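Chemist: Those protein sequence lines, which keep their order, are chains V and S. Just so you know, we're using full-length UniProt numbering here: the first sequence kicks off at 1 and counts up by one. Just so you know, we're using full-length UniProt numbering here: the second sequence kicks off at 1 and counts up by one.
Since the hints were made in silico from the structure, they are not lab data. Please read these numbers as outputs of a predicted model, since none were measured by experiment.
Below 30 Å or equal to it, Euclidean Cα-Cα: the simulated BS3-like pairs (lysine-lysine) are: (1) V:Lys76 with S:Lys331; (2) V:Lys76 with S:Lys355; (3) V:Lys398 with V:Lys386; (4) S:Lys55 with S:Lys16; (5) S:Lys293 with S:Lys370; (6) V:Lys386 with V:Lys364.
If we take Cβ atoms under 7 Å as the criterion, some of the chain V residues that face chain S in the derived model are: (7) Pro46; (8) Gly47; (9) Val51; (10) Asn81; (11) Pro85; (12) Phe91; (13) Arg262; (14) Phe264; (15) Pro267; (16) Asp268; (17) Ile269.
Using N, Cα and C, we set each Cβ at its ideal position, and we do this for glycine too.
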Amino acid sequence: MSYTPVIGFEVHIELSTASKMFCGCPADHFGRSPNTQTCPVCLGLPGALPVPNSKAIEWCVKLGLALGCQINLTSKFDRKNYFYPDLPKGFQISQYDLPFCHNGNLLGRQITRVHLEEDTGKLLHQKNQTLIDFNRSGVPLVEIVTAPDFTSSDESSEFLKEVQAIVRALNISTADMEKGSMRLEANISVKRVEDPNLPGYKVEIKNVNSFRFIKKAIDFEITRQSKILDSGLIPAQETRGFSESKGETVSQRTKEEANDYRYFPEPDIPPLQFTEDQIETWRSDIPPLPSQIRRDLMTKFSLTENYARIIAADAQMYREFLKSPTKTTADSLINKRPPTSKPVLVSTEKISSIARAVVAANPKAVSDLKAGKQQVMFFLIGQVKKELGPVDIPLTGKVISRIIDTDDPIRN
Amino acid sequence: MLNKLTLTQALTGLKKKEFSSPELVQACLNEIEKEDSKIHAFLHINPNALSQAQKADINLPLGGIPIAVKDNFLTMGLPTTAASKVLQGYLPHYESTVTRTLKSAGAIIIGKTNMDAWAHGSSTETSDYGPTLNPHNTDYLPGGSSGGSAAAVAAHMCIAAIGSETAGSIRLPAAWCGVVGFKPSYGRVSRYGVIAMASSTDSPGPLTKSVADSALLTQIIAGHDPYDATTSPLPTPDYHRHLQQPLKHLKIGLPKEYLEVMQPQSRDLVLQAVKKMASLGHTIEETSLIHPKYSIGVYTIIQRSEVSSNLARYDGIRYGLDRSHFSDEAKRRIMLGTYALSSGYYDQYYTRAQKVRTLIIQDFHSSFQKYDLLIDPASPGPALKLGAAANDPMFGEMQDILVEPSSIAGLTGISLSCGQINGLPVSFGLIGPQFSESLVLQAAHAYESAI
Ligand SMILES: [Zn+2]
Numbered sequence: 001m002s003y004t005p006v007i008g009f010e011v012h013i014e015l016s017t018a019s020k021m022f023c024g025c026p027a028d029h030f031g032r033s034p035n036t037q038t039c040p041v042c043l044g045l046p047g048a049l050p051v052p053n054s055k056a057i058e059w060c061v062k063l064g065l066a067l068g069c070q071i072n073l074t075s076k077f078d079r080k081n082y083f084y085p086d087l088p089k090g091f092q093i094s095q096y097d098l099p100f101c102h103n104g105n106l107l108g109r110q111i112t113r114v115h116l117e118e119d120t121g122k123l124l125h126q127k128n129q130t131l132i133d134f135n136r137s138g139v140p141l142v143e144i145v146t147a148p149d150f151t152s153s154d155e156s157s158e159f160l161k162e163v164q165a166i167v168r169a170l171n172i173s174t175a176d177m178e179k180g181s182m183r184l185e186a187n188i189s190v191k192r193v194e195d196p197n198l199p200g201y202k203v204e205i206k207n208v209n210s211f212r213f214i215k216k217a218i219d220f221e222i223t224r225q226s227k228i229l230d231s232g233l234i235p236a237q238e239t240r241g242f243s244e245s246k247g248e249t250v251s252q253r254t255k256e257e258a259n260d261y262r263y264f265p266e267p268d269i270p271p272l273q274f275t276e277d278q279i280e281t282w283r284s285d286i287p288p289l290p291s292q293i294r295r296d297l298m299t300k301f302s303l304t305e306n307y308a309r310i311i312a313a314d315a316q317m318y319r320e321f322l323k324s325p326t327k328t329t330a331d332s333l334i335n336k337r338p339p340t341s342k343p344v345l346v347s348t349e350k351i352s353s354i355a356r357a358v359v360a361a362n363p364k365a366v367s368d369l370k371a372g373k374q375q376v377m378f379f380l381i382g383q384v385k386k387e388l389g390p391v392d393i394p395l396t397g398k399v400i401s402r403i404i405d406t407d408d409p410i411r412n
Numbered sequence: 001m002l003n004k005l006t007l008t009q010a011l012t013g014l015k016k017k018e019f020s021s022p023e024l025v026q027a028c029l030n031e032i033e034k035e036d037s038k039i040h041a042f043l044h045i046n047p048n049a050l051s052q053a054q055k056a057d058i059n060l061p062l063g064g065i066p067i068a069v070k071d072n073f074l075t076m077g078l079p080t081t082a083a084s085k086v087l088q089g090y091l092p093h094y095e096s097t098v099t100r101t102l103k104s105a106g107a108i109i110i111g112k113t114n115m116d117a118w119a120h121g122s123s124t125e126t127s128d129y130g131p132t133l134n135p136h137n138t139d140y141l142p143g144g145s146s147g148g149s150a151a152a153v154a155a156h157m158c159i160a161a162i163g164s165e166t167a168g169s170i171r172l173p174a175a176w177c178g179v180v181g182f183k184p185s186y187g188r189v190s191r192y193g194v195i196a197m198a199s200s201t202d203s204p205g206p207l208t209k210s211v212a213d214s215a216l217l218t219q220i221i222a223g224h225d226p227y228d229a230t231t232s233p234l235p236t237p238d239y240h241r242h243l244q245q246p247l248k249h250l251k252i253g254l255p256k257e258y259l260e261v262m263q264p265q266s267r268d269l270v271l272q273a274v275k276k277m278a279s280l281g282h283t284i285e286e287t288s289l290i291h292p293k294y295s296i297g298v299y300t301i302i303q304r305s306e307v308s309s310n311l312a313r314y315d316g317i318r319y320g321l322d323r324s325h326f327s328d329e330a331k332r333r334i335m336l337g338t339y340a341l342s343s344g345y346y347d348q349y350y351t352r353a354q355k356v357r358t359l360i361i362q363d364f365h366s367s368f369q370k371y372d373l374l375i376d377p378a379s380p381g382p383a384l385k386l387g388a389a390a391n392d393p394m395f396g397e398m399q400d401i402l403v404e405p406s407s408i409a410g411l412t413g414i415s416l417s418c419g420q421i422n423g424l425p426v427s428f429g430l431i432g433p434q435f436s437e438s439l440v441l442q443a444a445h446a447y448e449s450a451i
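Hey, can you work out the whole structure from these sequences and the hints?
Modeler: Below is the structure:
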């Protein structure tokens, strides 16, 4: 039988503002010692109150504008109530019915909404206990929700890369998936080609940390779900993760409990009011976006579409190109990629897959590291080097930390 | 008898060196020692109060003055429990804005006062550590939830006290204990570091022995706080200096629906106070407002909803004891609030309550187009007997009927004594538009000076 995939995305972007969303703690938490960047507000201590970060609001609106959204001139924050140990207040401050931005469009796909919320803490699971690190608690997080407008992994991947390039052009986040500053969730289902309605189920894919893997995960799901439908059954509504070693998705949670988040307006933050002038000022601040840059590179500088695409996707390379905007510069920039220095020749994905194997093979070293023996990190990096030869050591360290930190079977 | 001094008198005496801060603090500690085993106004006494008094700088605005603080204000070095077992022995990691301001103004926190647990109540009978009793007659309740602060002031165990009001929690205990209770507008005094009850109405304020004392204390604690996004950026007027300025003749409304709710004897005393106000040259006119009974439902829904979310953090994972230590009243509120916010019920309860709240705000707004102030007694009658609250989950909402409308509208109001029935105080009150603290204090001060 012939099926059409129905795919939509939720993309989370951690903003790289100086401070967190509702307090003065530094927002950059990556690789910091646990619980060293916290205060009464992001720890949810009694009596603490949130004060919104105006830079984060400005950046969220700018991202919305860059994604072609309309802006709600009156907006507000809401409380999303649920219990989880990494959520110290027992609710997340998010936006419900009045997100900052809505009804956008990118590459012909509809953006339902773009809103601002706070990130949660991180759970560090150990053998007999779970520790909580609140450094990430309260970091500004933008959520982009798309309509279920995608039908293939290729167009999904193109769209997601474009979102990343826009975020980087705006310089509001590193949008680095390995580090978790850009996180993807895909909702995937398939329906019969002739069926005009959306399918009655959906499968949520979580915790995929590269474009290559999301593409694989989507393709795997389309095949898996089509087979189930062929056999006359309906795929289960569930949350699945992606196993990088097997190259397939694996079920994480089947019984999808109907969560009632009991949203209500956050009484500690007065509603926000923007003026048209304010929005227009922000709009005029937006630097050239990748689509514009591509057009410029092709029309003004006569580069090929392929060159234009590569340069426009990399804000750093584009800046370099503009210093001497010639075909020769473009050639040398593109040929320099990846940089010739030996260690970086190994891709992050390669490091990631070896690091995963190393982490799995050395449980003792991992538990020592979790217990605070930082020097064990060098041993683990060494194991990765054994497999791959010279690698970027700081990057490898970060990849290992992330693998260990996000080893959360339920979510992270 | 230094402990019997008003704040104004104590400040003058200290500055004139008629006595010292340690003497003043000692007098209060002696009174606590003598009386508090009966009254139970305090949950914790500051063991360093005397040594802090020895170092007090009497040139500061509140230099050397012993102040009692409700136990829902976070105080470093002093346990803060909000009278709940869940927070038994909890030592805060930071200081509330109000107590930080008091301390930097030279005040000495003499102790933390009893309250209804989590401020859930209007009797101080639902404290997890046992009730506070009314100093006028220990068979009676002090009112709540700032009952410990009201009783401490009434029994002269401190010079003045700080409380917080969500709907009546300053004005009602002030009324029942016969002291002055002043509720600043919502957003006038910072809530940072105050254990939240209902975030959209919580308002810290003073309980004092005179209106002038309330003006002085409010002067210190009011103002914009960068740590509380709901505080107003409006500058704080000099409330205390305004008291000395001549008061123009005001137009004051007397809402007939409010009088209807009152017990006859108390109403008579209030009407006498109204006559007194008229004799000061004010024009007093009977007027009509939305009946206060409608506020009960609105307040109950909004407050329970916010409570259910505000108490979620007390899960015992990071601090405090686990949830089994919540008392029945807290559990009832959490369940009711959770229900009201649930999908399918939200519109019927929460949204509807907010709509009626808007109507009440508009009603006040149009009334204040006509009147400078409104008469609003804090309580339908004098204090009730111990035990009255114990088996009545709606006790607080009924007792606070007269102050719920102004609380949910974020207004400012004052409660002060206007007589007694069988030795129990009866109160008279005024409310004004949001941020009209100066006018409310001025009018109350003029009344107080005339009686
Ligand atoms: Zn913080």
